[in-house]
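For reference, the chains in residue letters:
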Amino acid sequence: MVGYRFRSPLGLAMSLGSAKSGFGHWWTERVTAVALIPLGVWFAASLIAHSGSNYEAFIGWMGSPITAVLMILLLITLFWHIALGLQVAIEDYVHSGTKIWLLLITHFLCFALAVGGIVATLRIAIGVWTAT
Amino acid sequence: MEHLSNEHIRPLSPNIHRPQLTSVRSIVNRITGVFLRACAVVLVVWLIAAASGREAYSRFHDCIASWPGQFFLLASTFAFFLHLCGGIRHLVWDTVRGFELRQIYISGWIVVATSVVLTLACWLASLLIARQV
Numbered sequence: 098m099v100g101y102r103f104r105s106p107l108g109l110a111m112s113l114g115s116a117k118s119g120f121g122h123w124w125t126e127r128v129t130a131v132a133l134i135p136l137g138v139w140f141a142a143s144l145i146a147h148s149g150s151n152y153e154a155f156i157g158w159m160g161s162p163i164t165a166v167l168m169i170l171l172l173i174t175l176f177w178h179i180a181l182g183l184q185v186a187i188e189d190y191v192h193s194g195t196k197i198w199l200l201l202i203t204h205f206l207c208f209a210l211a212v213g214g215i216v217a218t219l220r221i222a223i224g225v226w227t228a229t
Numbered sequence: 123m124e125h126l127s128n129e130h131i132r133p134l135s136p137n138i139h140r141p142q143l144t145s146v147r148s149i150v151n152r153i154t155g156v157f158l159r160a161c162a163v164v165l166v167v168w169l170i171a172a173a174s175g176r177e178a179y180s181r182f183h184d185c186i187a188s189w190p191g192q193f194f195l196l197a198s199t200f201a202f203f204l205h206l207c208g209g210i211r212h213l214v215w216d217t218v219r220g221f222e223l224r225q226i227y228i229s230g231w232i233v234v235a236t237s238v239v240l241t242l243a244c245w246l247a248s249l250l251i252a253r254q255v
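Order-wise, the sequence lines are chains U and R. Quick note, in our numbering, the first sequence goes up one by one and the last residue is 229. Quick note, in our numbering, the second sequence goes up one by one and the last residue is 255.
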């Protein structure tokens with residue numbers, strides 16, 4: 098695992114670095130960030146390419162398997178990255194008892210939005226596939 | 123010791139200093155991150171509207187085409203590029219490179235300039251393509 102490169106031998110051995118479980122969080126934030134670079138650029142470029150196009154053109158684009166796969170990957174990575182990033186922001190600024198509730202709501206919302214987006218994408222794509 | 127702890131409230135973080143490119147760029151990455159989360163919600167609403175059918179999609183489209191909608195889209199584009207370029211800068215830092223003060227200022231200004239240029243380029247391209255359709 099990548100932990101061997103970035104964690105101290107003692108931290109690995111005791112499985113308790115100064116960051117405790119923080120390394121996994123930090124690393125996942127980086128992994129999702131790297132994945133979001135091509136996915137984000139693809140999404141922005143696609144939106145620009147579809148400027149001014151109508152509903153049919155848009156649905157046709159969403160119905161292509163490549164678009165569906167990339168859109169679902171984008172949704173998973175994006176909301177994962179958002180959940181990790183917002184968690185840090187909340188932990189930095191909120192120190193009262195509401196912290197745990199905010200964290201719960203944030204994580205639930207991220208999951209719900211990701212699943213909602215994926216289902217919507219699949220519905221459009223499957224609609225196009227069954228129609229043709 | 124009692125009077126010391128009460129009267130001398132010491133600064134706890136560098137946030138109290140005069141705003142500098144370094145500190146401003148740092149907090150901007152977090153602010154754009156939180157703002158982009160709102161954009162991600164809009165992205166899901168957009169997908170659900172498209173999945174619901176033509177009527178819901180055109181209603182969403184009208185919202186985005188309005189002046190507030192267009193302003194939101196412009197702000198999202200700029201926030202997207204600021205966060206993207208700022209994020210790449212962070213990834214470079216993670217490789218323990220670019221930590222000299224001079225390099226930090228140079229990369230900070232590169233992030234701002236690139237984001238402005240890319241935002242303008244995207245909108246120009248989008249307007250040109252929309253005109254052709």
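Rather than coming from a laboratory, the hints here were simulated on the basis of the structure. Please note that a few of the clues may not be correct.
Stated by the list, open to error - Rough simulated footprint, nothing fancy, chain U against chain R, three-plus residues with beta-carbon under 8 angstroms: (1) 200 to 210; (2) 224 to 235.
Claimed, not checked - Partial list, computed: chain U residues near chain R (C-beta under 10 angstroms): (3) 120; (4) 121; (5) 122; (6) 125; (7) 127; (8) 133; (9) 170; (10) 188; (11) 189; (12) 191; (13) 215.
Said to hold, decoys possible - Partial selection, computed: residues in chain U whose CB lies under 10 angstroms from chain R: (14) 171; (15) 172; (16) 175; (17) 197; (18) 199; (19) 200; (20) 201; (21) 202; (22) 204; (23) 206; (24) 226; (25) 228.
Even glycine gets a Cβ: it sits at the ideal position worked out from N, Cα and C.
Closest C-beta approach of residue 202 of chain U to chain R relative to 10 angstroms, hint status: violated (13 angstroms)
Would you settle whether the hint for residue 226 of chain U is holds or violated, based on the nearest Cβ-Cβ distance to chain R being less than 10 angstroms? violated (14 angstroms)
Holds or violated: is the Cβ of residue 170 of chain U closer than 10 angstroms to a Cβ in chain R? Violated - the Cβ of residue 170 of chain U stays beyond 10 angstroms from chain R, reaching only about 14 angstroms at its closest.
Identify whether the interface hint at residue 125 of chain U stands, where standing means a beta carbon of chain R within less than 10 angstroms of its own. violated (13 angstroms)
Does the closest beta carbon of chain R sit nearer than 10 angstroms to the beta carbon of residue 191 of chain U? violated (13 angstroms)
For the hint on residue 122 of chain U, just tell me whether its beta-carbon gets within less than 10 angstroms of chain R. violated (14 angstroms)
Cut-off 10 angstroms, beta-carbon criterion: hint that residue 215 of chain U touches chain R: Holds - the Cβ of residue 215 of chain U comes within 10 angstroms of chain R, reaching about 9 angstroms at its closest.
Interface hint check: residue 172 of chain U, Cβ to nearest Cβ on chain R, cutoff 10 angstroms. Holds or violated? holds (8 angstroms)
Verify the interface restraint on residue 204 of chain U: the C-beta must sit less than 10 angstroms from at least one C-beta of chain R. violated (13 angstroms)
Against chain R, is residue 133 of chain U within 10 angstroms by beta-carbon distance? Holds - the Cβ of residue 133 of chain U comes within 10 angstroms of chain R, reaching about 8 angstroms at its closest.
Would you check whether residue 199 of chain U satisfies its interface hint, that is, whether its CB is within less than 10 angstroms of any CB in chain R? With a minimum Cβ separation of about 13 angstroms from chain R (threshold 10 angstroms), the hint on residue 199 of chain U is violated.
Per-residue hint verdict: residue 175 of chain U, partner chain R, C-beta under 10 angstroms: Holds - the Cβ of residue 175 of chain U comes within 10 angstroms of chain R, reaching about 6 angstroms at its closest.
Hint violations for this structure: numbers 2, 3, 4, 5, 6, 9, 10, 12, 17, 18, 19, 20, 21, 22, 24 and 25, all remaining hints satisfied.
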